[in-house]
Each structure stands twice: as structure tokens, then as C-alpha cells.
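S.K.: Those sequence lines, one after another, are chains C and V.
Using numbering that gives the first Met the number 0, the final residue of the first sequence is 542, and nothing's skipped along the way.
Using numbering that gives the first Met the number 0, the final residue of the second sequence is 193, and nothing's skipped along the way.
Simulated from the structure, these hints should not be mistaken for laboratory data.
Mixed in with the good hints, there may be bad ones.
Stated by the list, open to error - Subject to a maximum C-alpha distance of 30 Å in a straight line, what follows is the list of computed DSS-like cross-link-like pairs (lysine-lysine):
{"#": "1", "chain 1": "C", "residue 1": "K353", "chain 2": "C", "residue 2": "K275"}
{"#": "2", "chain 1": "C", "residue 1": "K262", "chain 2": "V", "residue 2": "K67"}
{"#": "3", "chain 1": "C", "residue 1": "K262", "chain 2": "V", "residue 2": "K1"}
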Amino acid sequence: MQKLLLLGDEAIAQAGIDAGISGIYAYPGTPSTEITEYVISSKEAKEKGITATWCANEKTAAEAALGMSYAGKRAMTCMKHVGLNVAADPFVNSALTGANGGLIFVVADDPSMHSSQNEQDSRFFGKFAMIPVLEPSSQQEAYDMVHFGYELSEKYKVPVMLRITTRLAHSRAGVVRKTQREQNRFKLPEDLRQFVLLPGIARKKYQVHLKLQEDFQKESANSPFNQYFEGKDHSMGIIACGLAYNYLMENYPDRNIPYPVVKLSQYPAPLDMVEKLYMQCETILVLEEGFPMVEEMLKGLLNKGKQVRGRLDGSIPMAGELNPNIVSKALGFEQDPITPVPSLVTPRPPSLCKGCPHIDSFVGLNEAIESFGKGRVFSDIGCYTLSALPPYESINSCVDMGASITMAKGAADAGMKPSVAVIGDSTFTHSGITGLLDAVNAKSNITVIILDNATTAMTGGQPSSALNRIEDICKGVGVEEDHIRVIKPLRKNHEENTRILLEELNYDGVSVVIPRRECIQTLNKRMRAKFKSANTNLKNSKQ
Amino acid sequence: MKKDIILAGVGGQGILSIAAIIGYAAVESGLFLKQAEVHGMSQRGGDVQSHLRLSSDEIASDLIPQGKADMIISVEPMESLRYLPYLGPQGWLVTSIKPFVNIPNYPEMEQIMQQVEAQPNHIALDAETMAGELGSVKAANMVVLGAASPFLDLDYEKLEKAIHFVFGRKGEDLVQLNLNALKAGRDYAEKHMN
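Model the full assembly from the supplied sequences, consistent with the hints where possible.
M.R.: Following this line, the structure appears as C-alpha cells:
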């Protein structure tokens with residue numbers, strides 16, 4: 000069988016194509032972006048007529064996937080962990096509506112916050128919604144779990160979560176494909192009230208969902224992804240969840256582990272397996288990527304049983320992702336001396352690109368706001384968040400998608416003037432429009448700067464839902480036309496831009512300034528493609 | 000056979016191209032491979048690294064344990080030092096000596112070179128100038144790969160084949176440039192490795 004060298008994200012995407020999805024919906028977010036990107040650029044997916052689209056945000060994406068499931072077809076929706084917060088409403092409620100066609104939520108967590116504002120563990124969301132969660136330990140397992148997940152989803156008519164973390168998402172390994180499945184045909188739910196969560200119906204559905212928990216427990220006990228490995232030394236038993244299993248194996252080059260091990264990759268945690276380990280061993284070590292979820296469950300509130308080691312007792316640090324060295328220490332291995340990083344090595348934080356339009360916008364904003372003093376600029380999530388760092392130090396918040404506008408409103412209500420929001424074009428259509436409507440309705444004194452670089456830049460230049468729509472949206476929401484100002488952020492326009500910004504900072508009411516210039520990265524990409532095709536044309540015309 | 004390699008550089012310097020070439024050559028050689036990359040925010044001019052693991056046996060962890068790497072291949076001198084905790088006692092450090100200065104407090108080059116030269120096994124070369132002389136500074140990453148190639152335990156021809164595969168779409172001129180860059184790095188290393 001053909002072996003492909005794939006990122007974990009790409010393995011999931013390829014598996015979706017092979018398992019017969021009819022649609023994939025997402026909003027870009029590291030480390031989940033490459034899943035949808037792969038399907039969008041896949042020729043195979045195109046030939047199969049698979050719908051693959053970027054949506055305005057994770058909630059709209061999840062709902063579209065749920066709608067496709069309603070119509071009987073298999074659907075996938077992908078997001079980063081904080082994206083699941085945005086999609087939490089459809090996610091949790093879809094556990095009760097259930098699925099018709101198979102439905103998988105792929106959620107990519109980012110422990111160590113490589114590209115995120117927190118390191119929340121999505122397995123808790125899976126537990127919260129009481130649905131099966133699959134957590135692969137390898138790229139191959141990620142691929143296999145998509146096939147398995149759709150079977151599980153269609154067998155019990157529930158959505159299934161596939162939880163990965165950054166290291167798996169962005170690591171490449173060989174993957175063997177399975178036999179391809181046909182897509183489902185259009186088929187309405189047998190019960191046309193299946194998706195109607197009126198209280199009277201929802202109560203009944205909840206009872207059904209509660210009953211399903213026993214089945215999910217049985218599935219976990221029999222899952223090919225959960226395994227019990229016997230070991231002779233019962234002084235310790237090890238539970239290794241998802242990717243942590245690899246770090247455990249890495250510490251035994253001959254792959255011979257003396258202790259009993261539970262490899263845990265499907266939740267709810269299989270009770271019999273865990274109980275057997277607990278009864279057999281004197282202490283338990285829990286290795287899990289993310290929060291100490293299994294560890295906490297084992298300990299219980301009173302922690303009066305056997306010694307359970309993990310993040311809670313300090314055997315493993317509470318924060319950050321695992322690695323082979325952390326696991327080695329927890330296993331009690333002696334540590335070889337390590338060459339330290341020479342003290343002269345300085346941090347090199349990411350920065351705005353040379354030629355980035357945001358640079359001109361922030362230089363202008365810094366000058367315009369100078370007379371009012373620092374500390375009045377709320378911002379959002381995107382490349383422009385880097386303006387918090389020197390040399391700009393322009394912004395004072397980065398919380399969640401869209402929060403700049405609504406926080407500026409709240410602060411304006413508290414008497415702050417000027418109260419400024421800085422938000423990117425794609426973030427604006429993700430979650431900024433409703434906040435702007437709030438501000439217009441309340442006639443708040445805020446200035447919203449929508450940095451329009453015509454793309455979703457931070458995640459690699461995906462198309463922006465806001466393209467060519469921003470002024471119309473602002474007008475439609477009710478911002479006065481005279482106070483929707485478009486400027487071109489270029490050094491030669493600095494004085495004029497600063498004057499316009501200052502005028503709007505002084506305006507009483509909602510004003511919007513739109514600095515508009517294409518992202519330097521997408522511009523370069525476009526120019527290279529143009530140059531290449533011009534060259535090809537030239538060559539062809541010479542022949 | 001087992002080779003654990005840390006690839007280091009600054010976002011945009013082309014370490015993922017190095018990874019792709021070694022990866023292709025490794026798969027062609029029938030080896031197992033795992034390669035952890037950095038995507039997202041750090042790619043904007045921040046420090047980036049990739050853990051590349053090749054082995055004739057199945058590989059467990061996507062990350063290389065500290066103190067176990069066989070090589071650090073770096074396209075930037077300060078970045079080559081950031082990952083010293085990963086380098087094993089017998090490991091090779093191969094780095095370009097051209098600094099990429101995008102921070103105000105970049106250390107003195109002399110001090111950086113002292114640290115590089117303090118490594119028992121190292122190759123330090125001006126890959127950028129060498130690539131420039133061959134036609135484009137953009138091929139500096141292939142010069143560095145060439146300088147690392149004697150220590151990779153991969154057939155040189157497989158690396159050449161990988162360059163054809165990875166750069167083929169971009170035209171024959173670029174393939175040739177990168178092949179020349181690879182060769183220049185290889186020749187340099189063979190002259191200086193002892």
C-alpha cells in the first residue's frame with residue numbers, strides 16, 4: 000500500500016477524503032489550519048466534489064458541518080482549541096441533536112502556547128459534551144482514527160471529537176492509506192425532530208444521550224486504540240495518553256517497558272483497564288499532554304487511595320507540553336549532563352515583516368494618540384498583535400477574537416476617551432461585526448481601526464471573508480458614512496494618515512478608520528506567480 | 000542507522016526546504032522518518048527549528064531528546080547555539096556564519112564564533128557568500144546542507160535526486176543552482192572536516 004509522508008494535520012485531511020466526507024468547514028487557526036488547506040488544494044477532493052471552505056468563524060463552520068450531517072452526509076469541522084470556545088454552542092448542543100451523517104470535530108490544542116493565548120485542554124470539552132474523544136499517538140493513528148471516528152459517529156448517531164496537539168499536527172511521518180469509502184447519499188434524518196432541541200424534546204434526547212454513555216464505555220474498552228501492556232515490575236503502573244505514549248516509548252530504546260502500561264487514546268477512559276492497572280500497581284504515573292484530566296479523575300477529590308503521580312504532584316510541570324526529557328525524569332531515569340545554551344544567545348521574538356502595512360498604521364496611530372497618553376488601545380488576534388512588542392508598543396490588549404471592539408466600548412462607557420480598537424479584516428468578520436453593532440446602538444465614543452490587508456495573514460494567507468465588504472458592513476451596521484475613513488498606510492502618506500486618525504479619535508461617536516494595503520507576504524506570492532506565468536508565456540511565444 | 004538532526008534558523012530562511020530534501024532522500028533510502036516543524040507565529044522573523052529524525056527502525060517520539068542529537072544544521076550562527084542542549088557529545092554542528100540581524104541586541108560576532116569553534120566537531124562556513132558567487136544568496140541553505148551531507152549517512156546521489164524533485168517545478172535553472180550550492184558545501188566540508 001502507498002505510504003505518504005504527511006503532517007498530522009495532512010493525515011487527518013487525507014483520511015477525511017478517503018473516509019468519504021462530503022464537506023469540511025473551518026476558520027484558520029494554528030495548529031489546525033493545514034487540515035482544511037490540504038483538502039482545499041487536493042485534486043482528489045475536487046474530483047470527488049467535496050465542499051471545502053473557509054468560513055467566517057469556527058461557529059459558522061461547525062454549524063455548516065452539522066447541517067451537512069443533518070442531510071445525511073459525512074462532515075468534518077476543524078479548529079484550534081480556542082476556536083472551540085467560539086464553536087462551543089453548536090459543539091455542546093450537537094451532542095444532544097446527534098448526527099445523521101458522520102460528524103467529526105477536529106480540535107488542535109496548543110500546549111506551550113506556540114501560537115496561542117492559552118493552553119486549554121479540549122478533552123474537557125469532550126467530557127463536558129459527553130461524546131467520544133479520540134486522541135492519536137501518531138500520524139498513522141490520526142489517519143486511522145478518522146475512518147474509525149466516522150463509523151463510531153454513524154453507529155451511535157453522535158458527533159465525535161478528534162483531539163490533537165501541536166507536535167502531532169505539525170510533525171511529518173509516513174502514513175499508509177486505507178480503502179476509500181464512497182460518500183453518503185443525501186438522506187434526511189428518520190426522525191424529523193431529531194435536531195429540534197425544544198425543552199420537551201431535549202429532555203428526552205438527554206436521557207438517550209445519558210444511556211449512550213454505557214455504550215461509549217464499552218467502545219473504549221474494546222477500542223483498537225486503547226491497549227493494556229503487561230509488565231513484571233508492579234512498583235509503578237503507567238497511563239500514557241495520546242502523544243505521551245511516544246515519549247514513554249522513546250525512553251526505552253529496546254521498547255521493553257518493565258511496568259504495566261495503559262495506552263489511552265479513546266475516551267471515556269476505559270474503566271476496566273484503568274482499574275486493573277490501579278489494583279495491580281503500587282503507584283500510578285499519568286502522562287498526558289495538556290491538563291491533568293485523567294490524573295485528577297484517578298485521584299478523586301480526596302486523594303485517599305494509592306499515590307498517583309503526574310502534573311498535580313509536580314512529577315511533571317503543570318504548564319507546557321511534554322517531551323522525552325520531562326517523561327524521562329518522571330520515570331526516575333538518571334539525567335545526563337546537558338550543554339547549556341550559551342548566555343550570549345538572545346531571544347528572537349517574531350516581528351512584523353519588512354514592508355508590512357501594519358508598521359505604517361501603528362507608526363501613524365502612535366503619533367496620533369500621543370497627546371492623549373498611552374494605554375488606550377484594545378487589540379485583537381492576528382499579525383498586528385505583534386505591535387505590542389518594541390519598537391511599536393502600540394496596543395494594550397489581546398484576549399479573544401473580536402474583543403477589541405467590545406472592550407473599547409466597555410472602556411468608553413467607563414469614561415475613557417479616546418477608546419480605540421485595532422482589529423484585522425478577517426478578525427472583524429470573524430467576531431467584530433456584532434460588537435460594532437452594540438457600539439452603534441449605544442452611540443459609544445470609540446474609534447475602530449480595521450487593518451485591511453485583504454487576507455488572514457498570520458495563518459499563512461487564507462482568503463478573508465471581509466474582502467471588499469468592510470465599508471458596506473460598517474454602513475449596514477449603522478456607522479455614519481462621514482466617519483468611515485479609508486487610508487493607505489504608506490510612509491509617504493504618514494502626515495495625512497495621522498491627521499485623519501487624530502480627527503476620528505476626537506470624534507464623539509463611533510468612527511471607523513480602514514488602513515488598506517495588501518499583506519506583503521501575499522503580495523510577494525502573487526507577484527512571483529505572475530512573474531512565473533509571464534515567463535512561461537514568453538517561453539511559449541518564442542517556441 | 001539513526002540520525003537525529005536539529006535544523007535551526009530564522010523564519011523565512013528556508014530550513015523547511017532542507018528538511019524536505021533530507022526527508023525525500025531518507026524515504027528513497029527506505030528509512031523511517033519523523034519531522035517536527037514550527038508553523039504559525041514564529042515564522043514571522045522569529046527563531047525556528049525543526050526536529051528531523053531518520054532511522055532504520057521505527058521512531059517513537061516526534062521530538063529529539065536533549066543531549067541525543069547527532070547534528071545541528073543551522074543557517075544562522077547565533078541560532079546554531081540556541082539548540083546546543085540537544086547536541087550529543089559526538090555530534091556535529093554545521094552552521095552558516097552570516098548573521099541575520101533583526102533584533103537590536105544581537106551579540107558580538109566574535110563571541111558567537113568563539114562558541115561555535117569551541118565545539119569539538121564543527122563546520123562553519125560563509126554559505127551566503129558562496130551561494131552568491133554561484134548565482135543567488137537564496138541557495139545558502141543548500142550550501143549548508145551540502146556541508147552537512149558527509150555526516151548524514153545518506154547517498155549523495157539521493158540528495159541530488161531530492162533537489163530535482165523539490166525544485167523541479169520551479170525550473171531547471173533553479174535545480175542547477177541548488178545542485179551547485181550543495182556541491183560547494185560538500186567540497187568545503189570535505190576540506191575542513193578534519
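S.K.: If a hint holds in the structure, say so; if it doesn't, say that too.
M.R.: Results for each hint:
1. C/K353 x C/K275: The given pair, whose Cα atoms are some 59 Å apart, is violated under the 30 Å limit.
2. C/K262 x V/K67: Satisfied, since the Cα-Cα distance of roughly 25 Å is no more than 30 Å.
3. C/K262 x V/K1: At roughly 26 Å apart (the allowed maximum being 30 Å), V/K1 and C/K262 satisfy the hint.
Violated hints amount to a single one, hint 1; each of the other numbered hints is respected by the structure.
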